[in-house]
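Participant: Now for the letters of each chain:
Protein chains: 2
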Amino acid sequence: MATQNDRTKFLLGEHDIPKAWYNILADLPGPLPPVLHPVTLKPVGPEDLAPLFPMGLIMQEVSPERYIEIPEPVREMYKLYRPSPLIRARRLEQLLDTPARIYYKYEGVSPAGSHKLNTAIAQAFFNKQEGVKKLATETGAGQWGSALSMAGAFLGIEVEVFMVKVSYQQKPYRRMLMEAYGGTVHPSPSPLTAAGRSILEHDPDSPGSLGIAISEAVEDAATHDDTNYSLGSVLNHVMLHQTVIGLECKAAFRKLGLAPDVLIGCAGGGSNFAGLAFPFVPDKLDGQKMRIIAVEPEACPSLTRGWYDYDHGDVAGMTPKLKMYTLGHTFIPPAIHAGGLRYHGMAPLVSKLVNLGVIEAMALPQTACFEGAMLFAQTEGVICAPESSHAVRAAINIARECKQTGEAKTILFNLSGHGHLDMSAYQAYMGGQLTDVVCELPTRP
Amino acid sequence: MATQNDRTKFLLGEHDIPKAWYNILADLPGPLPPVLHPVTLKPVGPEDLAPLFPMGLIMQEVSPERYIEIPEPVREMYKLYRPSPLIRARRLEQLLDTPARIYYKYEGVSPAGSHKLNTAIAQAFFNKQEGVKKLATETGAGQWGSALSMAGAFLGIEVEVFMVKVSYQQKPYRRMLMEAYGGTVHPSPSPLTAAGRSILEHDPDSPGSLGIAISEAVEDAATHDDTNYSLGSVLNHVMLHQTVIGLECKAAFRKLGLAPDVLIGCAGGGSNFAGLAFPFVPDKLDGQKMRIIAVEPEACPSLTRGWYDYDHGDVAGMTPKLKMYTLGHTFIPPAIHAGGLRYHGMAPLVSKLVNLGVIEAMALPQTACFEGAMLFAQTEGVICAPESSHAVRAAINIARECKQTGEAKTILFNLSGHGHLDMSAYQAYMGGQLTDVVCELPTRP
Numbered sequence: 001m002a003t004q005n006d007r008t009k010f011l012l013g014e015h016d017i018p019k020a021w022y023n024i025l026a027d028l029p030g031p032l033p034p035v036l037h038p039v040t041l042k043p044v045g046p047e048d049l050a051p052l053f054p055m056g057l058i059m060q061e062v063s064p065e066r067y068i069e070i071p072e073p074v075r076e077m078y079k080l081y082r083p084s085p086l087i088r089a090r091r092l093e094q095l096l097d098t099p100a101r102i103y104y105k106y107e108g109v110s111p112a113g114s115h116k117l118n119t120a121i122a123q124a125f126f127n128k129q130e131g132v133k134k135l136a137t138e139t140g141a142g143q144w145g146s147a148l149s150m151a152g153a154f155l156g157i158e159v160e161v162f163m164v165k166v167s168y169q170q171k172p173y174r175r176m177l178m179e180a181y182g183g184t185v186h187p188s189p190s191p192l193t194a195a196g197r198s199i200l201e202h203d204p205d206s207p208g209s210l211g212i213a214i215s216e217a218v219e220d221a222a223t224h225d226d227t228n229y230s231l232g233s234v235l236n237h238v239m240l241h242q243t244v245i246g247l248e249c250k251a252a253f254r255k256l257g258l259a260p261d262v263l264i265g266c267a268g269g270g271s272n273f274a275g276l277a278f279p280f281v282p283d284k285l286d287g288q289k290m291r292i293i294a295v296e297p298e299a300c301p302s303l304t305r306g307w308y309d310y311d312h313g314d315v316a317g318m319t320p321k322l323k324m325y326t327l328g329h330t331f332i333p334p335a336i337h338a339g340g341l342r343y344h345g346m347a348p349l350v351s352k353l354v355n356l357g358v359i360e361a362m363a364l365p366q367t368a369c370f371e372g373a374m375l376f377a378q379t380e381g382v383i384c385a386p387e388s389s390h391a392v393r394a395a396i397n398i399a400r401e402c403k404q405t406g407e408a409k410t411i412l413f414n415l416s417g418h419g420h421l422d423m424s425a426y427q428a429y430m431g432g433q434l435t436d437v438v439c440e441l442p443t444r445p
Numbered sequence: 001m002a003t004q005n006d007r008t009k010f011l012l013g014e015h016d017i018p019k020a021w022y023n024i025l026a027d028l029p030g031p032l033p034p035v036l037h038p039v040t041l042k043p044v045g046p047e048d049l050a051p052l053f054p055m056g057l058i059m060q061e062v063s064p065e066r067y068i069e070i071p072e073p074v075r076e077m078y079k080l081y082r083p084s085p086l087i088r089a090r091r092l093e094q095l096l097d098t099p100a101r102i103y104y105k106y107e108g109v110s111p112a113g114s115h116k117l118n119t120a121i122a123q124a125f126f127n128k129q130e131g132v133k134k135l136a137t138e139t140g141a142g143q144w145g146s147a148l149s150m151a152g153a154f155l156g157i158e159v160e161v162f163m164v165k166v167s168y169q170q171k172p173y174r175r176m177l178m179e180a181y182g183g184t185v186h187p188s189p190s191p192l193t194a195a196g197r198s199i200l201e202h203d204p205d206s207p208g209s210l211g212i213a214i215s216e217a218v219e220d221a222a223t224h225d226d227t228n229y230s231l232g233s234v235l236n237h238v239m240l241h242q243t244v245i246g247l248e249c250k251a252a253f254r255k256l257g258l259a260p261d262v263l264i265g266c267a268g269g270g271s272n273f274a275g276l277a278f279p280f281v282p283d284k285l286d287g288q289k290m291r292i293i294a295v296e297p298e299a300c301p302s303l304t305r306g307w308y309d310y311d312h313g314d315v316a317g318m319t320p321k322l323k324m325y326t327l328g329h330t331f332i333p334p335a336i337h338a339g340g341l342r343y344h345g346m347a348p349l350v351s352k353l354v355n356l357g358v359i360e361a362m363a364l365p366q367t368a369c370f371e372g373a374m375l376f377a378q379t380e381g382v383i384c385a386p387e388s389s390h391a392v393r394a395a396i397n398i399a400r401e402c403k404q405t406g407e408a409k410t411i412l413f414n415l416s417g418h419g420h421l422d423m424s425a426y427q428a429y430m431g432g433q434l435t436d437v438v439c440e441l442p443t444r445p
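Protein chains in written order, with my numbering: chain R, 1 to 445; chain X, 1 to 445.
Some hints here could point you the wrong way.
A pair counts as met if it fits within one copy or between any two copies, since identical chains are not told apart.
[Stated by the list, open to error] Calculated cross-link-like contacts (lysine-lysine; reagent style DSBU-like; alpha-carbon spacing at most 30 Å): (1) K79 x K255; (2) K42 x K323; (3) K79 x K403; (4) K323 x K284; (5) K134 x K403; (6) K284 x K128; (7) K284 x K403; (8) K19 x K79; (9) K323 x K403; (10) K79 x K250.
FYI, nobody ran anything at the bench for these hints, they're computed from the structure.
Please read all numbers here as calculations on a predicted model, not as lab measurements.
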């Protein structure tokens, strides 16, 4: 029989959409290392970032305030898809025969298909407020590019997307989606920028990477007066906007009278993970027992195999240097299907919390993740994105551990997006053509 | 400012999922003409249908009861995605500068991506109850095949899908989705059945049609003891299961204190249209002023250019004869992108109500529909299926008429499914490669 505990999808109403984002900078144990200018290596100030970002976002990047109000027009647009459902994966639990309770927050219901819309709407709004006409950005698998293209269509801002070439080739439907929203898409590296041309000169067949695409988009914005740059992850203000995910989960769990024992999110640049996890971090710092796990691909393991140091956010070294876990900004990850996780670095805020031991990290190979995704599709019906499959698999692993130990843990993971436009990856898995890419990882310079 | 009137997504909770389906047979003005045996031409009885369908569904097909209880396990599975959202298309209204209120019921939130899951779950359940091991079915665009594959995975029934060849080729992602849910998919016409082989003999390049695919699936079921047949539209019990759509809309509109003036659904076999419209039909019969519009493609206009007479449901003439609007069971519609609307006939229940003048019909060309779909994507964010784009475009047309007349009509349309797996059709439209297929329509024999 269904109890409220089983059925949580409608625990929240539109009034429960958060009125403010949660800013973890206010609760971080110790200060976040400053961002350094790429040339002078001195801490950057707001004026250094002004050619790329509107002041509204720059102020959020460095704000010490614990809560930052969500502007009403942004909240109105959130209402198109928020609160997103929180669902108990009953059928998966039964299949695994586990005493664990598995909940997932399903961000794939956003019209653009993932959590990325949470920050895309906010970024487009603050840029629009300051009169920006155009946004240049990068995209890996295309989730971020489609979200920003949609937000641009809503707010009347042009969007130009540099899409990592391997994803551009693997995922034509994602490109078409961006175009249907009115965005312009270039495969990256492209001949349109100096950064792109320089890569193509050395390696005409470069599969591209998020780091390269960022260089191209930053260059585009820096060299055009009417164009700003927009980043889909890594930066503090992006993590900030994503906290609506975790804040809604907290509100729902409060109604359930439950607290999660394990929080899980996949991590490329860190934004969907941070969005789920950050609002719970103060509870953990206050002594609540809780595992918080960032799951990355074995093929691009910045948290588990990288080092914590200053590095550029992009390949060409155009961005400021950030203190973060990194595999080195020249590392080009192999062409796994989870394109959104192919990033050499990690959000400084996530990195700091991993370094402090508040957050733990885990790396998984892609075949195991797809195996988990298939299990999930056949029990819960949802086809998840290859990125999200990392969280699915980690949740399954922990639920299986619970079966061994008999612990009835409450697991909450973020299902960051659907995989409807990633069916070719599923096809490759089902056809036995998917392998676990083995690559030589860089060592600390 | 948002009022309850603007924001209807959460008007209903899980308790509002209907407890019974609405059976329009109880309220039909006059009896529905009987179904005739394909050979004897005598009315068929339950025993004639038993080789294909479980008795639970056969009884629903002919039941005179106004309400038929939804079994609790079916309702539990509905809770994965129901109640589906009812959304006011505010941004579209603003763009059209219309006094009309436009609401859409969004069935694309089901994990399989369309309204088809409403009947797939029910059909799989009643077959499972009677020990059926396998279901054979047809699919056009793939929405029905994915829904039944998912329902099969949930209930432990094998699913074999004959997919119209042109869709199989145009929409590889749909096939992969069915396979990810564990279904087996064959392009139709196939060499696996006598019906398929006979078509291939005459036309090896046949694009296929729903009528051919139905022949193949029926033959498969009729020639295998452990296999039943499952149909995604046309039959009374399918219309019945889909009424959860309209029943939820009625409940929501009651809470809004509104009544729709215009109801719109696209119509291929008629099921999503009937699901929305049927629960409102008694109100119209009771004198409430209301237009109820079925929208079909100009390339396959059974309601607007066909004739109301007995015909087979399939190309090979294996199914019983149904009294319906038809273009003749041998008509192969041109290869438009809305594969789910490529059917020569129309549900007998929908046909009867059109014949009585309770429901009106309208035919639209596909380019106009895609133009409407693009407008919808850029204002409301949702990428709709090519089938649903017919309803979107009709709603836009009527909202524009309201601008001319100044009438503040309340329009409600069914957005039957998302188009994430139909991006190649959008691409064709954006690239100017989509044309309005002109074909010679058959004349009444």
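Participant: A separate judgement is required for each hint: does it hold in the structure or not?
Facilitator: Status of each hint after checking the structure:
In the homo-oligomer, the alpha carbons of K79 and K255 lie at most 30 Å apart both inside one protomer (21 Å) and across protomers (19 Å), since each shortest distance falls under that limit. For the homomeric pair K42 and K323, the shortest alpha-carbon distance inside one copy (13 Å) is at most 30 Å, but the shortest distance between copies (81 Å) is not. When the C-alpha separation of K79 and K403 is checked against a cutoff of 30 Å, the pair qualifies only between copies, where the shortest distance is 27 Å, while the shortest distance within a copy is 39 Å. Taking the closest pair of Cα atoms, K323 and K284 come within 30 Å of each other only inside a single copy of the chain (23 Å); across copies the shortest separation is 67 Å, beyond that limit.
Taking identical chains as interchangeable, the C-alpha atoms of K134 and K403 are never at most 30 Å apart, the minima being 52 Å within one chain and 32 Å between chains. Proximity of K284 and K128 under a CA criterion of 30 Å is satisfied in neither setting, with 37 Å inside one chain copy and 47 Å between copies. Taking CA atoms no more than 30 Å apart as the test, K284 paired with K403 passes inside one copy only; the shortest distance there is 25 Å, against 57 Å between copies. Both within a single protomer and between protomers do K19 and K79 lie at most 30 Å apart by alpha-carbon distance, with minima of 12 Å and 28 Å respectively.
Taking identical chains as interchangeable, the C-alpha atoms of K323 and K403 are never at most 30 Å apart, the minima being 39 Å within one chain and 57 Å between chains. Proximity of K79 and K250 under a CA criterion of 30 Å is satisfied in both settings, with 18 Å inside one chain copy and 22 Å between copies.
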